Structures are given as structure tokens and as C-alpha cells.
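2 protein chains.
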Amino acid sequence: MPRYKAVISYDGTNYAGFQIQNNAHTVQEEIENTLRRLNGGKSITIHPSGRTDSGVHAKGQVIHFDYPHEREAEKFRFALDTQTADDICFVSMEQVEDTFHARYLAKEKIYHYYVDTGQSRDPFKRLYSAHYRFDLDLDVMRQAAKYIEGEHDFSVFCATGSSVEDKTRNVYEVRIEETGDSGLLFIFRGNGFLYKMVRMLVGTLLKIGNEQLPTDAIKIALENQDKKMTGPTAHPEGLFLMNVSYE
Amino acid sequence: MPRYKAVISYDGTNYAGFQIQNNAHTVQEEIENTLRRLNGGKSITIHPSGRTDSGVHAKGQVIHFDYPHEREAEKFRFALDTQTADDICFVSMEQVEDTFHARYLAKEKIYHYYVDTGQSRDPFKRLYSAHYRFDLDLDVMRQAAKYIEGEHDFSVFCATGSSVEDKTRNVYEVRIEETGDSGLLFIFRGNGFLYKMVRMLVGTLLKIGNEQLPTDAIKIALENQDKKMTGPTAHPEGLFLMNVSYE
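So the sequence lines, in the order shown, correspond to chains S and P. So that you can map any letter, position 153 of the first sequence is 153 in my numbering, and since no number is skipped, the others follow by simple counting. Here my numbering = 1-based position in the second sequence + 247.
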């Protein structure tokens with residue numbers, strides 16, 4: 001059966017996350033409903049590079065699925081793009097070998113996290129960034145972010161509810177940029193991220209930047225798996241899955 | 248009674264426009280409800296520089312209102328900012344002379360209109376721009392925009408339902424810029440704009456850019472009040488009231 005790979009973007013505001021579940025509207029459900037209509041009522045299952053939580057956005061999520069008919073990729077993309085809801089976009093699509101797997105073969109992921117640091121919350125950022133209106137020392141946060149980079153056991157930055165056994169991940173880069181409109185952008189690049197790991201790291205970096213935790217809190221947290229050295233989980237609306245790379 | 252002037256911004260997505268009405272949630276209602284709570288249950292009426300329609304946004308709307316108590320402006324702003332809904336923001340506030348009037352004394356307004364010209368509609372622009380995926384000749388649109396500038400009777404670009412008698416307005420400037428992310432930004436600056444005038448002008452400029460109307464369509468429309476030389480009213484979600492100036 002032909003296998004297709006698609007890059008999709010979605011505004012997560014109105015979804016209870018990616019993964020299908022009962023009694024809640026999800027990205028997977030919306031896409032699978034569309035595929036079933038195109039496939040004459042027969043179900044198709046899609047596989048993402050990883051789930052995203054309720055309210056989290058994506059600009060470069062990757063999915064794959066098997067479809068019983070050969071279709072010209074650009075026409076297939078257009079059909080899916082126009083027939084899914086307005087808040088889901090099929091950016092690109094191609095037919096791939098049946099050995100391709102969106103999750104198992106992902107080599108690198110990039111996440112962005114936006115924080116609105118304005119005194120009053122910007123109405124146009126409220127769905128796409130977290131609001132933090134207290135003092136932040138950017139230099140201190142940048143020093144602290146260095147302790148995230150490299151290969152570590154990130155168990156202390158993994159929310160309960162994860163079934164993953166090996167919690168070692170390699171984070172290649174963490175960068176914090178000013179966006180020029182009273183905002184901060186946190187960029188995370190690594191070989192993979194645990195359940196809520198990026199949001200827990202951002203919550204911890206904000207607490208460090210506000211001097212509620214020491215600059216080396218993340219170093220201590222990782223070395224001793226010390227939960228007291230971590231901050232709260234940052235809100236979902238600031239998080240964007242930007243890119244997934246394959247070999 | 249002390250009079251206050253406030254600059255407010257709001258995401259119009261979830262409102263049936265600015266002006267209060269029965270059985271629909273409006274910006275005015277949300278703000279007046281908050282003011283009534285602060286004022287011990289007694290009603291306060293707010294006056295905007297002009298209404299905005301359902302789905303239209305504002306980054307620099309100006310309102311004024313009389314309030315029976317003297318309040319420190321910044322504290323008053325903070326109270327209103329935090330107690331109104333998340334999609335309304337009180338940007339700044341000051342006490343003014345009781346001769347100030349947000350509507351009658353407005354000297355200049357600036358509107359922005361965003362068009363997403365990408366092949367597939369960007370989920371993150373869907374609430375903040377109109378989507379137009381057909382060919383557009385930017386040079387032709389810029390030539391056509393020149394005919395808008397100056398003092399004209401804009402009756403042909405005024406939607407029915409307006410009670411304004413004098414439909415002469417002076418448009419100081421119309422500019423069309425590329426936004427760099429498959430988008431166009433239309434900037435309108437003038438002494439005032441009629442009901443749905445900006446959206447009718449954008450709809451006409453798009454039709455000219457797509458060669459469905461001649462380059463001088465707006466010139467002919469204005470000279471002859473010829474409705475056939477105008478395009479459809481562009482969607483509300485692309486429109487932002489950016490600034491209102493006073494002497």
C-alpha cells in the first residue's frame with residue numbers, strides 16, 4: 001500500500017491535543033475523518049512524529065499514513081488542505097518508501113516557545129505565547145540554558161504519565177532571543193524531547209531569570225534528579241513544534 | 248465629573264463588533280460591565296472614536312467616558328486591563344478635559360488591512376488576515392491606490408445602513424507593502440472613513456490586481472458613483488484600527 005509523508009501546521013487552540021481520544025476534538029480525529037471521506041468511508045490511521053498537548057501548536061509536524069490508492073502528491077495535499085478545518089494546513093506532501101516512519105526515524109526536532117513579557121498582555125499574543133510580566137535577567141537565563149545542552153537523563157523534566165523507559169536525550173542547542181516586541185523566543189533543538197520537557201525547562205528558566213532559583217538550578221536538578229530545583233510547567237499556548245528532521 | 252481617555256486594543260474574533268446590542272457579545276458591553284462593577288453597580292457609558300464591525304480588530308482604538316470618582320490614571324488602567332477579558336487590553340489611559348470627545352475631535356485615523364496570499368491558508372493568520380490565493384499585480388494595485396488619495400465623495404464605497412450625511416472624506420495616503428511571509432499589508436491614513444469603506448476599497452483593489460477591473464476603476468467609480476466599478480467588501484478579519492490622532 002502506498003505510504004505518504006506530510007508536513008502539517010496547526011493552531012492548537014481549539015484542539016484537545018494531537019492524539020485521538022473520546023469526547024474531545026483532536027487534530028488526529030480531524031485529519032482521519034477527512035481521509036476516511038476521501039477513501040470512500042474506510043478508516044485510515046495517521047502516525048505523527050510525536051503527539052502535541054492540548055493548546056500546543058505546530059508549524060512543522062510530520063505524519064505518515066498508508067493509503068490504498070496511488071495519488072499525485074500535490075493534488076492529494078490540496079484535497080487534504082482544503083477539506084480539513086481552517087486551523088490545520090497541509091504544507092507539503094510526498095510519497096515515501098514503506099520503511100519510512102514519522103516517529104521511529106525522526107533524528108532531530110526543533111521547538112519554539114514564546115513568552116510575552118509586556119506589562120499588559122497583548123490580545124494578539126494571548127493564544128500564541130505565555131505571559132510573564134515579572135523581572136527577568138536574560139544573561140542569567142542564557143547561562144542557565146547552557147546546562148541543558150548535551151546528553152543527560154532528563155527524568156526530572158518529564159511529566160508523569162509518560163511510558164518511555166529511556167529518559168536520556170541529547171539537546172544540541174538552547175537559545176533565547178528577544179523578539180523586539182516585548183517578547184522572548186526560546187529555541188530548543190535536540191534528538192528528542194520527553195513528555196512536557198520543553199515546557200518544564202521553560203518554566204524553570206523563567207524562575208531562574210526571576211531569581212527564585214539559582215543560576216545552576218538545572219545543573220543540580222539533572223545531576224541529583226532534584227525536583228525542588230525545577231519550576232512549574234509553562235503554559236501550552238507558547239509552544240510550537242517547528243521542525244522534524246529525518247536522515 | 249472627571250473624564251478619562253483610554254487607548255485600547257482588542258482581538259475582534261469573539262465579538263459581534265464594538266457597539267452594544269441585544270443578544271450578542273460586544274466590546275462595549277464587556278468594558279461597560281467592568282466599569283459598572285468598579286463603580287459599585289452604577290452604569291457608565293463609553294464613547295469610541297468610531298465603531299468597528301464584527302470580527303474587526305483594533306490596536307489603537309480610543310474611547311472616553313465620565314467617571315464619578317477621581318482615580319490615579321495608571322492604577323485605573325491596570326484595574327480595567329486585568330478585569331476585562333483577555334482579548335481586550337487597556338494600553339494607556341489619562342484624565343482629560345471634559346471638552347475632549349473621542350469621536351468628534353478625531354483628526355486622523357490609520358487602518359491596516361492584511362491579506363494572506365499563500366497558496367494554502369496559514370492557520371496562524373486565519374483570524375488576522377483575509378486569504379486571497381489568486382494572481383495579483385502589485386504595480387497595478389499601487390497605481391490604482393493613488394486614485395483613492397485626496398478629498399472625494401466616497402458614497403460609492405459606503406455600505407448601506409450608514410446614517411452619515413456628508414460622505415466626503417480626505418484620504419491622505421494609501422500604501423501597499425509586502426510583509427515578507429506571503430502577505431500584503433494595505434495602509435490607509437485619512438481624516439475619517441465611512442461604514443465599511445476600507446474593506447470595500449481593499450476588495451476593489453484586489454479585483455483590480457487580479458485584472459477583473461481596469462486600473463482606473465476607482466477613479467471612474469468615484470467620478471460617476473458607479474457601483475459596477477467596485478469589488479466586494481473584503482472580509483472583516485484582515486482589518487485593524489491602528490491609530491486615532493487628536494489635535
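Wrong hints could be hidden among the right ones.
[Claimed, not checked] The calculated DSBU-like cross-link candidates involving lysine-lysine, where the alpha carbons are at most 35 angstroms apart (straight line), are:
1) Lys-393(P) <-> Lys-322(P)
2) Lys-322(P) <-> Lys-289(P)
3) Lys-227(S) <-> Lys-146(S)
4) Lys-252(P) <-> Lys-289(P)
5) Lys-219(S) <-> Lys-207(S)
6) Lys-289(P) <-> Lys-393(P)
7) Lys-59(S) <-> Lys-252(P)
8) Lys-42(S) <-> Lys-59(S)
9) Lys-146(S) <-> Lys-107(S)
10) Lys-146(S) <-> Lys-59(S)
11) Lys-322(P) <-> Lys-207(S)
12) Lys-322(P) <-> Lys-475(P)
13) Lys-75(S) <-> Lys-474(P)
14) Lys-207(S) <-> Lys-475(P)
15) Lys-322(P) <-> Lys-59(S)
It is worth saying that the hints were derived from the structure and are not from the lab. It should be emphasised that the depicted structure is a prediction, and the values quoted were computed from it without experimental measurement.
Quiz item: Quick one, are Lys-322(P) and Lys-475(P) close enough, alpha carbons at most 35 angstroms?
Solution: violated (52 angstroms)
Quiz item: CA of Lys-227(S) to CA of Lys-146(S), is that 35 angstroms or under?
Solution: Holds, at roughly 19 angstroms.
Practice problem: Would you mind confirming whether the straight-line C-alpha gap from Lys-75(S) to Lys-474(P) stays at or under 35 angstroms? | Solution: violated (38 angstroms)
Exercise. Below or equal to 35 angstroms on CA atoms is what counts here, so check Lys-322(P) against Lys-59(S).
Key: violated (39 angstroms)
Quiz item: Has the given pair, Lys-59(S) with Lys-252(P), been kept, meaning a C-alpha gap of at most 35 angstroms?
Solution: violated (40 angstroms)
Practice problem: Would you mind confirming whether the straight-line C-alpha gap from Lys-393(P) to Lys-322(P) stays at or under 35 angstroms? | Solution: violated (45 angstroms)
Exercise. Sort out whether Lys-207(S) lies within 35 angstroms of Lys-322(P), counting only the CA atoms.
Key: holds (27 angstroms)
Quiz item: Straight-line Cα separation of Lys-207(S) and Lys-475(P) no greater than 35 angstroms?
Solution: Outside the cut-off at roughly 61 angstroms; violated.
Quiz item: Is the straight-line distance between the alpha-carbon of Lys-146(S) and that of Lys-107(S) 35 angstroms or less?
Solution: With Cα atoms ~21 angstroms apart, Lys-146(S) and Lys-107(S) stay inside 35 angstroms; holds.
Quiz item: Do the alpha carbons of Lys-42(S) and Lys-59(S) lie within 35 angstroms of each other, as the hint requires?
Solution: holds (28 angstroms)
Quiz item: Are Lys-322(P) and Lys-289(P) close enough, with their CA atoms no more than 35 angstroms apart?
Solution: It holds: about 20 angstroms lies between the C-alpha atoms, which stays within 35 angstroms.
Self-check item: Restraint check for Lys-146(S) with Lys-59(S), where alpha carbons must lie at most 35 angstroms apart
Solution: holds (26 angstroms)
Of the numbered hints given earlier, the model fails hints 1, 6, 7, 12, 13, 14, 15; all others are met.
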